[in-house]
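Could you put the whole structure together from the sequences, leaning on the hints where they help?
Residue numbers (our numbering), protein chains in the order written: chain A, -14 to 381; chain B, -14 to 381.
Hint data in this document are derived by calculation from the structure and do not stem from the laboratory. Nothing here was measured: the structure is a model prediction, and the numbers come from that model. Be careful, since some hints might not be right.
Said to hold, decoys possible - In silico DSBU-like pairs for lysine-lysine, Cα to Cα no more than 30 Å straight-line:
{"hint": "1", "chain 1": "A", "residue 1": "204", "chain 2": "B", "residue 2": "49"}
{"hint": "2", "chain 1": "B", "residue 1": "15", "chain 2": "A", "residue 2": "370"}
{"hint": "3", "chain 1": "A", "residue 1": "16", "chain 2": "B", "residue 2": "36"}
{"hint": "4", "chain 1": "B", "residue 1": "134", "chain 2": "B", "residue 2": "36"}
Unchecked claim - Just the calculated beta-carbon pair ranges, DEER-fashion:
{"hint": "5", "chain 1": "B", "residue 1": "181", "chain 2": "A", "residue 2": "16", "range": "27 to 35 Å"}
{"hint": "6", "chain 1": "A", "residue 1": "-4", "chain 2": "B", "residue 2": "52", "range": "35 to 43 Å"}
{"hint": "7", "chain 1": "A", "residue 1": "125", "chain 2": "B", "residue 2": "50", "range": "55 to 63 Å"}
{"hint": "8", "chain 1": "B", "residue 1": "132", "chain 2": "A", "residue 2": "-4", "range": "52 to 60 Å"}
{"hint": "9", "chain 1": "B", "residue 1": "110", "chain 2": "A", "residue 2": "301", "range": "44 to 52 Å"}
{"hint": "10", "chain 1": "B", "residue 1": "226", "chain 2": "A", "residue 2": "16", "range": "47 to 55 Å"}
{"hint": "11", "chain 1": "A", "residue 1": "16", "chain 2": "B", "residue 2": "228", "range": "47 to 55 Å"}
{"hint": "12", "chain 1": "A", "residue 1": "16", "chain 2": "B", "residue 2": "211", "range": "38 to 46 Å"}
{"hint": "13", "chain 1": "B", "residue 1": "211", "chain 2": "A", "residue 2": "301", "range": "24 to 32 Å"}
{"hint": "14", "chain 1": "A", "residue 1": "24", "chain 2": "B", "residue 2": "50", "range": "31 to 39 Å"}
{"hint": "15", "chain 1": "B", "residue 1": "373", "chain 2": "A", "residue 2": "283", "range": "51 to 59 Å"}
{"hint": "16", "chain 1": "B", "residue 1": "77", "chain 2": "A", "residue 2": "33", "range": "40 to 48 Å"}
{"hint": "17", "chain 1": "A", "residue 1": "283", "chain 2": "B", "residue 2": "52", "range": "43 to 51 Å"}
Claimed, not checked - Which chain B residues stay away from chain A? Per the calculated CB distances, all over 10 Å, these:
{"hint": "18", "residue": "-9"}
{"hint": "19", "residue": "65"}
{"hint": "20", "residue": "163"}
{"hint": "21", "residue": "268"}
{"hint": "22", "residue": "272"}
{"hint": "23", "residue": "294"}
For each residue, glycine too, the CB sits at the ideal point set by N, CA and C.
Protein chains: 2
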Amino acid sequence: MRLESLRYTERFGSVRINDLQKVLELDSGKKSQTPRKEEIAVHKIEDEVIKDIEGRMAIVIPIKDEKLKLFEGVISGIPHDCLIIVVSNSQRKRVDRFRMERDTLAQFCHFTQRRALIVHQKDSRLAQGLAQAGYSDMLDEKGMVRDGKSEGMIIGILLAMLHKKEYVAFIDSDNYIPGAVWEYVKIYAAGFSLARSPYAMVRVLWHYKPKISGEMYFKKWGRVSEVTNKYLNSLLSTKTGFETEIIKTANAGEHAMTMKLAEILPYASGFAIEPQELISIFEGFGGILPAANQAAAKQGIEIFQIETRNPHLHEERSGIHLRQMILPVLSVIYHSALCNSQIKQQISKGLIEQGALQPEGEVPHPHIIRPLKKADVQSFASFMKEHLQTYSMPEE
Amino acid sequence: MRLESLRYTERFGSVRINDLQKVLELDSGKKSQTPRKEEIAVHKIEDEVIKDIEGRMAIVIPIKDEKLKLFEGVISGIPHDCLIIVVSNSQRKRVDRFRMERDTLAQFCHFTQRRALIVHQKDSRLAQGLAQAGYSDMLDEKGMVRDGKSEGMIIGILLAMLHKKEYVAFIDSDNYIPGAVWEYVKIYAAGFSLARSPYAMVRVLWHYKPKISGEMYFKKWGRVSEVTNKYLNSLLSTKTGFETEIIKTANAGEHAMTMKLAEILPYASGFAIEPQELISIFEGFGGILPAANQAAAKQGIEIFQIETRNPHLHEERSGIHLRQMILPVLSVIYHSALCNSQIKQQISKGLIEQGALQPEGEVPHPHIIRPLKKADVQSFASFMKEHLQTYSMPEE
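Take a look at the structure:
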């Protein structure tokens, strides 16, 4: 893979926010033997470097009642050496969709001889393990794991930890293009290969997100992304005194972290998980509030933002509207300790204008899940040890 | 890459027509060290095998007034070690679109340090070279290269020959998905790696060709493909006495050949080039008519049909209608020496019913271009030698 080299980095305390880098070439061929002339402008990341990182990476796929054909396409695009972890919150009554997902994954793993895990979010042993680990943040009033994609992702991180993976990445299950899924994983690995800190994050920006209405219209920005990027950039600007547009991936569902970083971040529920990750980093390591972790503050947190070559084509969910997304996303910014009263006012005003908030209404507090490090992961691991095999593919 | 293994092959004289094989996994990871259990059902083609073939392959991209963003995406998906050959028939007056294509390619090659060729179909030196080589089949009454994608493809084959490439492959310039382009090339290389004969062809079947109308509908077969496959299968059935459905890629625009095969086939103009390739093979090596080439007949011709994981999403050309496509495509079947009167009748009847042919009308004769071997390629090469640099990237 060839990427544009890093031309610009903004610093916020011990956070290094790298400006957008584009993918220039999906497949950069054989290993270069000679020094390359273009080195100053272009990173060439050799296949063996990428494959080596893939072998240490888990890909978490949260899924909920998705079309099986799409799920099948997504897993076929994930490079072989990655560990696939599927966390499903699909229905099990009437039609057991979880069973179908499991069967699809089992067949795929059988023919491709690869390993994978699949677990249902409402699995009772999972809930017991989490309770035993003192991680009640993840549980609802019935003692089961809460609903939500965010919670599924955190379960994925935990399972990746139990499998000693050094990197954990997320890919949505509704992607139409297996080749785009493949590219996301290559981007994650390429980003990590450039990182100088063990606390690194790679966030994907889609080249285009086509709108399908009669004909294809290649949209660059979604409305929610535009708004979220704007407020996150304002948050930084008000603290540094310099206006910035550095954040371009506030809502990047496709993203990846080193495990060292993943285990120290607080997460938000629902649609807000992706912007909250950035807020957690800015709060914890921006130098304004006390450092969340000394070792990480010392080594620095590194954020890569990389633009794909493939467009992002995914299943349009008719039920989810702009208004439903914008409220949780902006509420994490609103309630950040870094957010000043001026931004708060702008956010409330905008939410009211869009009908996402009643006039005089309060912006709701997000549900924040404490970092995984606060849980007793050791205890979770020993509880899950004997059950782990039942989640594993290929079945024995 | 992992492919389904070859489960079934039909023979027609010295032609081996392999049944459809599906791609199971885009990226099969590191080299296997141990024998694989799944070997009986699955081919794993190692990256180094694929890359080795890519280094000996030219990818020909015919282009005509295509959106530059799409062209840019297509070239970014072609693995680095392949030689890109762009043959353009875009407009040069008013707006010089050829110049824009050249600039786009030059910029890409500059940053990725790769080689490419770009030539305009109406380049006068090209026409002179072809005239000198006695290859007037390619020229119109003004002595210029004829219009047509087919003619552009043949120029691409010739340029690949001059660059001593052993494989030549075709990719359309209107593809929305760079990751799909990448997959086509991997499929070509994977197919060739399985071939036992130096006379081999790989034809791609799209997993789906989505229809975009309000929402996505994943269509499996286009109308023209269905009809063309049907008649080509009839052609085989009437000769062997066994009904068959083996041909599933009659109109595969995405296909590749060994150079040894590419240089001995007659080609048809326009939309009919892809089915005509199969007809040329059946006529020349099916054992019914005299063999077209003794060496090839002895080694056998091998046809692979491989189904992608990616869907095929491309620019819909509003100007081209079913009727315009179906006539040239079916006329090559109609006028094949293998076509009996019963199939001829069915074809005429069908064409008249669809309004593609006047009642009592004659099915037009296709324009057939003699095999490249009949031209004096040596003379073409020596004429082009001093000009070749002007078509090459990076510019010096």
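Here is what the structure says about each hint:
1. A:204 <-> B:49: Distance ~24 Å between residue 204 of chain A and residue 49 of chain B Cα, so the pair holds.
2. B:15 <-> A:370: Measuring from Cα to Cα gives roughly 28 Å; hence the hint holds.
3. A:16 <-> B:36: Between residue 16 of chain A and residue 36 of chain B the Cα gap is close to 10 Å, so the pair holds against 30 Å.
4. B:134 <-> B:36: With a Cα-Cα distance of about 28 Å, the restraint between residue 134 of chain B and residue 36 of chain B holds, given a limit of 30 Å.
5. B:181 <-> A:16: 27 to 35 Å: holds, 30 Å
6. A:-4 <-> B:52: 35 to 43 Å: holds, 39 Å
7. A:125 <-> B:50: 55 to 63 Å: holds, 58 Å
8. B:132 <-> A:-4: 52 to 60 Å: About 57 Å separates the Cβ atoms of residue 132 of chain B and residue -4 of chain A, which means 52 to 60 Å holds.
9. B:110 <-> A:301: 44 to 52 Å: holds, 51 Å
10. B:226 <-> A:16: 47 to 55 Å: holds, 53 Å
11. A:16 <-> B:228: 47 to 55 Å: holds, 50 Å
12. A:16 <-> B:211: 38 to 46 Å: holds, 45 Å
13. B:211 <-> A:301: 24 to 32 Å: holds, 29 Å
14. A:24 <-> B:50: 31 to 39 Å: For residue 50 of chain B against residue 24 of chain A, whose Cβ atoms are near 36 Å apart, the range 31 to 39 Å holds.
15. B:373 <-> A:283: 51 to 59 Å: holds, 57 Å
16. B:77 <-> A:33: 40 to 48 Å: holds, 44 Å
17. A:283 <-> B:52: 43 to 51 Å: At 49 Å between Cβs, range holds.
18. -9: holds, 15 Å
19. 65: For residue 65 of chain B, whose nearest Cβ neighbour in chain A is about 3 Å away, the distance does not exceed 10 Å, so it is violated.
20. 163: violated, 4 Å
21. 268: holds, 36 Å
22. 272: holds, 36 Å
23. 294: violated, 4 Å
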